[in-house]
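For chain A, the structure is supplied; the task is to place chain B on it using the hints.
Residue numbers (the UniProt record's numbering), protein chains in the order written: chain A, 1 to 324; chain B, 1 to 324.
Some clues are possibly wrong.
In this list, chains with the same sequence are indistinguishable; a pair is considered to hold if it fits within one copy or across any two.
[Claimed, not checked] Mimicking DSBU-like on lysine-lysine, the simulated pairs with C-alpha atoms at most 35 angstroms apart in a straight line are:
id	residue 1	residue 2
1	Lys262	Lys171
2	Lys171	Lys65
3	Lys19	Lys262
4	Lys283	Lys173
5	Lys262	Lys90
6	Lys263	Lys161
7	Lys65	Lys22
8	Lys274	Lys90
9	Lys321	Lys90
10	Lys173	Lys262
11	Lys90	Lys65
Don't read these hints as lab results, they were simulated from the structure.
Quick caveat, the model's predicted, so the values are computed rather than measured.
Residue strings, one per chain:
Number of protein chains: 2
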Amino acid sequence: MSSIHAEYLSKAIAAVKQKNPKNIYFVACGGSMAYMYNQQYIFDVETDIPAFILSSNEFIHRSPKGLGPDSLVVSCSHSGNTPETVEATKVARSKGALTVAYSHEENSPLWQAAEYNLHYDWGPESDAYEHKAGMALRFIFGALNALRPNEKYARALESIKDLNNIFERNKKKFAAEADKWGASHKREPIIYTMGSGPVYGEAYAFAICFLQEMLWVHSSSIHTGEYFHGPFEITDYDVPFLLFKTAGETRPLDERAENFAKKFSQKVTVLDAKDFDWTGIDKDLYSYLSTPIFGAVSRTYAERMAEHRGHPLTVRRYMWKMDY
Amino acid sequence: MSSIHAEYLSKAIAAVKQKNPKNIYFVACGGSMAYMYNQQYIFDVETDIPAFILSSNEFIHRSPKGLGPDSLVVSCSHSGNTPETVEATKVARSKGALTVAYSHEENSPLWQAAEYNLHYDWGPESDAYEHKAGMALRFIFGALNALRPNEKYARALESIKDLNNIFERNKKKFAAEADKWGASHKREPIIYTMGSGPVYGEAYAFAICFLQEMLWVHSSSIHTGEYFHGPFEITDYDVPFLLFKTAGETRPLDERAENFAKKFSQKVTVLDAKDFDWTGIDKDLYSYLSTPIFGAVSRTYAERMAEHRGHPLTVRRYMWKMDY
Chain A
1 MSSIHAEYLS KAIAAVKQKN PKNIYFVACG GSMAYMYNQQ YIFDVETDIP AFILSSNEFI
61 HRSPKGLGPD SLVVSCSHSG NTPETVEATK VARSKGALTV AYSHEENSPL WQAAEYNLHY
121 DWGPESDAYE HKAGMALRFI FGALNALRPN EKYARALESI KDLNNIFERN KKKFAAEADK
181 WGASHKREPI IYTMGSGPVY GEAYAFAICF LQEMLWVHSS SIHTGEYFHG PFEITDYDVP
241 FLLFKTAGET RPLDERAENF AKKFSQKVTV LDAKDFDWTG IDKDLYSYLS TPIFGAVSRT
301 YAERMAEHRG HPLTVRRYMW KMDY
Chain B
1 MSSIHAEYLS KAIAAVKQKN PKNIYFVACG GSMAYMYNQQ YIFDVETDIP AFILSSNEFI
61 HRSPKGLGPD SLVVSCSHSG NTPETVEATK VARSKGALTV AYSHEENSPL WQAAEYNLHY
121 DWGPESDAYE HKAGMALRFI FGALNALRPN EKYARALESI KDLNNIFERN KKKFAAEADK
181 WGASHKREPI IYTMGSGPVY GEAYAFAICF LQEMLWVHSS SIHTGEYFHG PFEITDYDVP
241 FLLFKTAGET RPLDERAENF AKKFSQKVTV LDAKDFDWTG IDKDLYSYLS TPIFGAVSRT
301 YAERMAEHRG HPLTVRRYMW KMDY
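Same shape as in the complex, but just chain A (with noise of 0.2 angstroms):
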């Protein structure tokens, strides 16, 4: 498909290039959500136009006053069957705005609703280059770099063209840590994950698909930087924190939780962006790039817990299984 996604790419970049929006819309539910909070941050720290994450039904509802014809509105589902994300793109689509959705099904009804489509690739055989990871990281450094040249782009690009490698050798390197957590976790009744700045996105989706949707784990993730106003107090010997320690801007935030959590908690686990295999990427480029790595690494946590407790990723007792 790799010929399809780069021309589906580039008409969507050039689309976003012509609009030069105003303000960016991303706009999801769940999993699909959490993985835009890296988009979020680096339109954040990138540029001066106003981006913003609403699940797809508060976005329908709440009917933002920003948005309109000067507006770029990002969706993505994977299946491109989630109700409220079709829903919301039709919304944004009625308003003037640009559409632009993710998913893996062509001709979905997220398909149709968008004015602008990128496929991505799903499955062990395929390259994570042309998966969900590589394609939102093609659009948005693309798009930044049709917006606001810059090397660094151009950079950000070339490197991830190594995506599955960078994958394939941390989770390797991560392959018996992933198990001993699994192991020692499987009867943790409620695990803490811990995150800042774009991982706080995936520290969200371990939290909300892993824990809690596919190994009925009760969870929440916490902001370190809110964690000491709040939160902190329900640390205990016995409560497990899953710490995603970014290796960018916030990484400040991120070690004092820690410090704190470790003195009083004897279950508290690191995964540290720094100790990740960077080979080939260039330092300016951990804080991005950082984020689909922890996304495939704490995969593989997952994992090792289900396989522990003999709970398969796959159960579900409601999703899928009717109407609601």
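Just chain B now, kept in the frame of chain A:
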């Protein structure tokens, strides 16, 4: 303090009018940040001025590129002493932004850091109109009315004069329910809160301030639009939820989450803004005014639980007791 409050307010609002900000950052930590969801929401729905919420330390380290001389930065710290919020305010001011800070303490570090200050009263003997709840609404609707004059904002400013009575009537109305909830939930190890729109901030505050911080009960706030995209899989007959159901635009999200949760959990408690005593308030203001009412009423739920658990809301193990 009421005449001084009005004087501070009118100076800050005049400065906002003169600045005519290109964007607005609401910056604080924990409960002070949670309260800004309502303020951000009002700007999002009523104007096309981009408005953001960031936890203070994230704001400092992320350093959004949109922050500059055309920005308004609104910060808040009850004590005026929260180091991250003081620093964030200094950063904003150093970049030329107009800085307005709410706090209870005059001449605190935050008071020194901000160009304009809004003092608020505290304690049971003072009037809610002069509290943070009242001052925030007076500032937001005052600023809106200065930037985009509208009879609705003028009516809002009139209505909130009665805030103290509204709070008292509603605390009384829900007193029996609050006690019932506190007694029946006192042994729960985890309680989820839910909300959407501006009320999501109150669900967040209840989770992190009342449950985690003050009562040492595990918790997580779930956005009702996100519930179906992961979190709902942890719903079970014995999992408690406390839903803050808005009377505003996003009510359909709350209704959907309520209907589902009630099918599979026997412990769903709903605090519905439509059941509030709204005497004297126009319907088109319910959405914006419900957030502080949720704040006042939900506090009584926490107070009753504290009583039944024998664990006063003032107890802390870490906060203010050590360096962190």
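Handout entry: Numbers of the earlier hints that this structure fails to satisfy, in rising order
Key = Structure breaks hints 3, 6.
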